[in-house]
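> These are the residues of each chain, in order.
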Amino acid sequence: MVFRSKKTQSDNDSVKAPRSRSLSRDAMRRLMKNRSAVAGGIILLVLIFAAVFANFVAPYSSTEGDVTNNYAGPSAAHPFGCDFMGRDVLSRLIYGARISLAAGFVGAITAFLIGVTFGLISGFFGGKTDNIMMRIVDIMYAFPTLLLIILLMVYFKSSFSVSGVAGTGFRGMLSDLDRSMGGMFFIFLGIGLTSWLGMARLVRGMTLSVRSTEYVESARAIGTSRVRILFRHILPNVLGPAIVAQALQIPGFISYEAFLSFIGLGVNPPTPSWGMMLSQGYLAMRSHFHLVLWPAIAISITLFAFNFLGDGVRDAFDPRQTR
Amino acid sequence: MFRFIVRRILWTIPVILVVSSITFILMHSVPGSPFTRERALPAAIQKNLEAKYHLNDPLWKQYIDYMYGFVRLDFGPSIAYRSRTVNDILAQQWPVTATLGAIAFIFAVVVGIPLGVLSAVKQNSLIDHGSMVLAMLGVSVPAIALGPFLIWIFALKLKWFPVATWGTPAHIVLPALTLSTFYLARFARITRASMLQVVREEYILAARAKGLREVVVNLKHAFRNALIPVTTIAGPAFADIVTGSLVVEQIFAIPGIGKYYVQSIGNRDYPVIMATTLLFALVIVLMNLLVDISYALLDPRIRYS
Chain Y
158 MVFRSKKTQS
168 DNDSVKAPRS
178 RSLSRDAMRR
188 LMKNRSAVAG
198 GIILLVLIFA
208 AVFANFVAPY
218 SSTEGDVTNN
228 YAGPSAAHPF
238 GCDFMGRDVL
248 SRLIYGARIS
258 LAAGFVGAIT
268 AFLIGVTFGL
278 ISGFFGGKTD
288 NIMMRIVDIM
298 YAFPTLLLII
308 LLMVYFKSSF
318 SVSGVAGTGF
328 RGMLSDLDRS
338 MGGMFFIFLG
348 IGLTSWLGMA
358 RLVRGMTLSV
368 RSTEYVESAR
378 AIGTSRVRIL
388 FRHILPNVLG
398 PAIVAQALQI
408 PGFISYEAFL
418 SFIGLGVNPP
428 TPSWGMMLSQ
438 GYLAMRSHFH
448 LVLWPAIAIS
458 ITLFAFNFLG
468 DGVRDAFDPR
478 QTR
Chain X
16 MFRFIVRRIL
26 WTIPVILVVS
36 SITFILMHSV
46 PGSPFTRERA
56 LPAAIQKNLE
66 AKYHLNDPLW
76 KQYIDYMYGF
86 VRLDFGPSIA
96 YRSRTVNDIL
106 AQQWPVTATL
116 GAIAFIFAVV
126 VGIPLGVLSA
136 VKQNSLIDHG
146 SMVLAMLGVS
156 VPAIALGPFL
166 IWIFALKLKW
176 FPVATWGTPA
186 HIVLPALTLS
196 TFYLARFARI
206 TRASMLQVVR
216 EEYILAARAK
226 GLREVVVNLK
236 HAFRNALIPV
246 TTIAGPAFAD
256 IVTGSLVVEQ
266 IFAIPGIGKY
276 YVQSIGNRDY
286 PVIMATTLLF
296 ALVIVLMNLL
306 VDISYALLDP
316 RIRYS
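Chains as they are written, first to last, in our numbering: chain Y, 158 to 480; chain X, 16 to 320.
Next comes chain X alone, as it looks inside the complex (with noise of 0.2 Å):
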């Protein structure tokens, strides 16, 4: 098992190479630089601008810089903002990106394998193909839709929440609604689905006839096998959910790490948008790793050489 978590440790390093790689090459071969206007600067303003922050520098010696920057955690100074270093708006706008996330999360785990739960226990009553239909209304109203639509609903009209930006707790309730719809529904359709298949399987049946409690052999025998499934895309659902949260800031104006990748893009802002792109990857690779521990705690059967 440790050697297993130090190897998937070690992956994460040519994975960060080739994320790195792919997003440096693919913003440089865009033309024009950071600096180009609709009105030109003078030449000798646009060439110490490019000196300042090393653009004249071949591309291989500015990526061998970026890494080494990386590898110090120091992303360098923001392009676009000038006053600003990239490590100063990481540390402002990730929180809030990843409380968006967590609490969107937590609320689609919490509610939705529950709800999944619930559904196969009761399977074909009312509850059961009530919240499947809801649920598949869930995976299929996309957030572009989902969010404008809350916003009227409970912001414009019954004035319930704020309608955009950031701040109190209210101002969370929309937008975190909006981004864990579609993965409370996924968390209960393939909680039910999973929890189904696993009440077919003999252990099943021989903790009923020991003569357990209908509600132990749910909750504790077929439960904890039906997460296995559930866990295979909790991890990606995180990593989803937080690269989710770049559509949901755009449409509810959240000051986000998400808002600032779209603008950065647009602006040319090559550290940030570097230094963005990593971070979410670091997200997966880890969130993948977690899930790959916690199959063994919840599965003895799974072994790692």
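If we strip away everything but chain Y, and leave its shape as in the complex, we get (with noise of 0.2 Å):
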């Protein structure tokens, strides 16, 4: 996993030493101690197994239907029963899972580069181009971010995706790219343009501590660049922390494609997503409650899952704090 240390002990250690413990591998003794951080990372792990192959253990297709099966009950051969379509709820569950998670990691991934390339440059050039970078960011944090995010997506969704501009050059490329991802590349966008606020805050705080410190400056001293200095000694130290902090997000970022899947402005409608199947599901929940029940089951526990390894991973390398 991420925390795991790249190499602990030198190999030509010749004298036998007493095995060193490493902050990181420390942390994850911790973790493996903790009964619900495991219980979710397992949760977690059937997840990703099931989305990653989702073709294979879904019994079903998640876009075509049976139209004789249309709001069809539990039975043998559908355990969670179709919906207004006919298509069978289990396996667009488990397609939805791919949603959710790609959301989830992508978004996070996104905003993680964006908001680590704005606060390291921010932390490490300092003075003047600090000061304005970081004004940005506290102008920014003012904007609603729900509401920026939905700004965003229908300036996607309209100027890319409906207009028939597709195939022309730049803007065609991205909306023949997010077409064919089902909608997703504008999401991943989304939630990166609007999530990286909180990163370049804390990247760049680190980044002004780890440059003060007097391994940088005896690097400086004899001369390294400042390219070198950034990367072989500011960014090592700013990334590992800086990974823990965004993967705790990650239950944010997929609540935030169900919600825009939920209003319509998030994937596009034969991609089973689970926000998309509780909005479809919540039309005929008078009769139908499973259409929405399965959704909001499997939505909450794989949040539920994610907040209770969050919970360990950050237990575990910050033993001070006890939650």
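Since the hints were derived computationally from the structure, they do not count as laboratory data. Where hints are given, some of them may not hold.
Chain Y residues, not near chain X, derived (Cβ > 10 Å throughout) [what the hints assert, rightly or not]:
hint	residue
1	Leu-188
2	Val-203
3	Ser-315
4	Val-367
5	Gly-438
Just a few of them, taken from the derived set where beta-carbon distance is under 8 Å, the chain Y residues facing chain X [to be verified]:
hint	residue
6	Phe-213
7	Val-214
8	Pro-301
9	Ile-307
10	Leu-308
11	Tyr-312
12	Ser-412
13	Ala-415
14	Leu-440
15	Ala-441
16	Phe-446
17	Ser-457
18	Phe-465
Beta carbons are placed, not taken as given, at the ideal position from N, Cα and C, and that holds for glycine.
Using the supplied hints, reconstruct the complex from the two chains, each of which is provided in its own coordinate frame.
In structure tokens:
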């Protein structure tokens, strides 16, 4: 996993020293002792497995239904019933895991890349650059995230996807890409563009503190180039905590995707997203509650697992905090 | 302190400028106009309509006009609802959202914080474990899953509350519960964590050594200091609850500002979109200011220059 250290001991150690315990190995040990975190991790592994191998795990197609099964209740053939187009709910849930996990992970990576780059530049160059860049972050903080992400999605959807500019130049390329991903590309972009502010602040703060350490100073004294200092000394020290902090954001990104799909600004229709299943099931809730129940349980269990694992990871890395 | 507040209030000016510019640019760079219909209007009518709403002016002029109106608190006419001004819409819909948000926030604070204190005081007891599992559920079940679930149980099966829409106090219960659950759980978790950290401070030991009663130590010495991290999230939480009502208004068909916002985006009703976004941004800035001021009141160690 991400928090395993690359190499903790030099290989040619001839003296039998007591096995050193690195910070990350120590954290790993604490994490494995935390039962709820381990349970969360196992649930997530199962979900990831189901999402990756959805083609083999899911009993039916996620997009094609059988009209004779419209709104069918649970049966031996369809244990979770069928939706308004006769599509198997269980299969759609399994494919939906793909969408949710992708939104969580890729959204996190997108926001991570933007935030880390922004924070590194701001902290490393300091002075006026830092001042201006951080004021930008301050201002953007006042922008209501939910509103901004809705605005962005409307902008993406109507100026790239629908308006028939497909196939021409850069715009066409983006809209083709988005269409081939069932509308996911712009969700990643929307999440990434709105959720990098916290990461930028965190990385900038850490960069500032690493920059003033003695080993960076001595590296500078022996004439190491700025680029090398940035990538060899600062980045590796900043990366670990930043990854952990970003991993804790994943449940939020999964909720964003579900909400966007719920109000019709997320994935494109046949794509099975839990949020979209909820909004479609919601319309028929009075008589067919199972259409709401299963996606609601699926997304809740997923977030539950992420939160338990996230709590465990945070405790493992910061044993002073008791939660 | 006074200078700090003045500086922070002046800070809202660039914030509003940037937020309004981004919203303005995003909305106007979307192809089509508010009058794009499936069946096209006659060109002359469309032209007249666009002239009436000044949509033919150059963009910079529209922006300046808009901001001039904003300074005078005149948000102009709504495009989709012909006979109403944006001020009318805000005056009618904002109280709904504000009521819902305020009730949800108060509920989250009044239940969440005491729950966190109780869990911390009785650490590792059954109450502690029980409420922390509940809190974990609370932060994990999203509103779009919780809302329909509550409707099904309490409105459709038990028939205790109406299914949707707005009007009587009974209409408020389910949406407010849906909206507050996440933050209630967060308050409980953060209060507990913060209490547990404060309890280990030396001044708590000193208070105990003085022979103060446990209740006094917990409530007067520990709780007040434990509130600081809670206040940190209380400001953003209020802002999030108010914007989050957008989600809940969709689920419960509540005629608040959030429902109008989503509709207005579909209708390309620029004035409504701009006004709503700015209003929400103002709430956020204001809440952050309140948080910063309340720090100083809670923690005498914090001084502003």
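> Indicate, hint by hint, whether the structure satisfies it.
Here's how the hints hold up against the structure:
Separation of Leu-188(Y) from chain X is adequate, the least Cβ-Cβ distance of about 17 Å exceeding the 10 Å criterion. Against the 10 Å criterion, Val-203(Y) stays outside the reach of chain X, whose nearest CB is about 17 Å from its own CB. Taking the minimum C-beta to C-beta distance to chain X, about 5 Å, the non-interface status of Ser-315(Y) is violated against the 10 Å cut. Distance to chain X confirms Val-367(Y) as a non-interface residue, since its nearest Cβ pair spans about 25 Å, more than 10 Å.
Here Gly-438(Y) does not stay apart from chain X, with its beta-carbon only about 8 Å from theirs, under the 10 Å limit. Because the closest C-beta pair between Phe-213(Y) and chain X is about 27 Å apart, greater than 8 Å, the hint is violated. Interface restraint check for Val-214(Y): the shortest CB-CB distance to chain X comes to about 23 Å, outside 8 Å, so the restraint is violated. The beta carbon of Pro-301(Y) is positioned within 8 Å of a beta carbon in chain X (closest approach about 4 Å), and the interface hint is therefore held.
For Ile-307(Y), the shortest C-beta to C-beta distance to chain X is roughly 7 Å, which falls under 8 Å, so the interface hint holds. This hint holds: Leu-308(Y) has a C-beta 5 Å from the nearest C-beta of chain X, less than the 8 Å allowed. Residue-level restraint check for Tyr-312(Y) holds (minimum Cβ-Cβ distance to chain X is 5 Å; threshold 8 Å). This hint holds: Ser-412(Y) has a C-beta 5 Å from the nearest C-beta of chain X, less than the 8 Å allowed.
Contact between Ala-415(Y) and chain X, as hinted, is supported at the beta carbon level, the nearest pair being about 6 Å apart and thus within 8 Å. For Leu-440(Y), the suggested interface contact is broken, since its CB lies about 10 Å from the closest CB of chain X, more than 8 Å. The interface hint given for Ala-441(Y) is broken, as the beta carbon of that residue sits about 11 Å from the closest beta carbon of chain X, more than 8 Å. A cut of 8 Å between beta carbons decides the hint on Phe-446(Y): the least distance to chain X is about 6 Å, and the hint holds.
Restraint check, Ser-457(Y) versus chain X: the minimum CB separation of about 5 Å is within 8 Å; hint holds. With a cut of 8 Å, the hint placing Phe-465(Y) at the interface with chain X holds, because the nearest CB-to-CB distance is about 7 Å.
This entry does not satisfy hints 3, 5, 6, 7, 14 and 15, going by the numbered hints stated previously.
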